[in-house]
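Residue 130 in UniProt numbering is what sits at position 130 of the sequence shown, and the numbering runs on without skipping anything.
What the hints contain is simulated information worked out from the structure, not anything from laboratory work.
Please read all numbers here as calculations on a predicted model, not as lab measurements.
Careful: at least some of the hints might be erroneous.
[Stated by the list, open to error] Calculated pairs, BS3-like style, for lysine-lysine (alpha carbon to alpha carbon, straight line, at most 30 Å): (1) 16 <-> 27; (2) 74 <-> 120; (3) 107 <-> 164; (4) 172 <-> 27; (5) 107 <-> 8.
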Amino acid sequence: MSPITEDKLLLDFLGKTLFEHQMETAKEAGLNQFLVIGNPANMEQLEQITRMSTGVKTELALQRQPLGIADALKSAEPFLDGDIVVVNPNDVFTVSAYTSLVQERKKRSAASYMLGYEVKDYFPGGYLAVDSTNELRHIVEKPKPGQEPSHLVNILVHLHTEPKKLLEYIEKVESTRDDVYE
């Protein structure tokens with residue numbers, strides 16, 4: 001068995017790429033506008049896939065180097081207007097992941113909405129520290145086992161109502177890694 005060398009989102013599953021399955025799931029949830037951020041290595045394939053997608057409006061933005069989600073959002077700044085949903089296309093989500101965010105958005109007025117997944121055992125991911133009303137206080141990225149602030153792990157399906165303000169916050173974060181968004 002050899003290692004996977006192409007983007008996971010472009011791997012075929014049941015005759016379609018993971019990316020196509022993700023777009024269909026989001027579309028089924030009622031999302032009909034997509035901003036796809038690619039890199040020089042995958043942009044051509046993403047363009048081909050989005051051209052074949054029907055019933056949706058798709059824009060493409062180029063992230064020149066793989067410098068994380070924050071950099072990807074900066075690359076797409078001209079397109080970021082109104083509510084945006086940021087997802088990790090390498091993960092698999094159900095329709096309810098999207099619909100629950102949209103429903104919460106209709107009920108409340110927050111700057112951001114996030115999904116958390118309750119884990120029983122340690123998982124090396126970002127843990128959500130929330131208060132008694134489930135308001136996010138902070139995220140602890142990959143804490144040591146036993147030092148998790150909760151049992152909720154961050155799932156990268158986020159809805160942001162003020163993307164320009166999000167970019168302002170991103171600009172203020174200092175990090176030497178590609179974890180600025182997280």
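Legend entry - Distance restraint between residue 107 and residue 8, which requires alpha-carbon spacing of 30 Å or less: At roughly 35 Å apart (the allowed maximum being 30 Å), residue 8 and residue 107 break the hint.
Legend entry - Given pair status - residue 27, residue 16, alpha carbons within 30 Å: holds, 15 Å
Inset, instruction - Measure nothing beyond the straight line between the CA atoms of residue 172 and residue 27; if it is 30 Å or shorter, mark the hint as holding. - result: Answer violated: residue 172 to residue 27 is near 34 Å, above 30 Å.
Inset, instruction - Mind checking the alpha carbons of residue 74 and residue 120 for me, to see if they're no more than 30 Å apart? - result: violated, 35 Å
Legend entry - Distance restraint between residue 107 and residue 164, which requires alpha-carbon spacing of 30 Å or less: The hint holds at about 22 Å.
In terms of the numbered hints stated before, the structure departs from hints 2, 4, 5, listed from lowest to highest.
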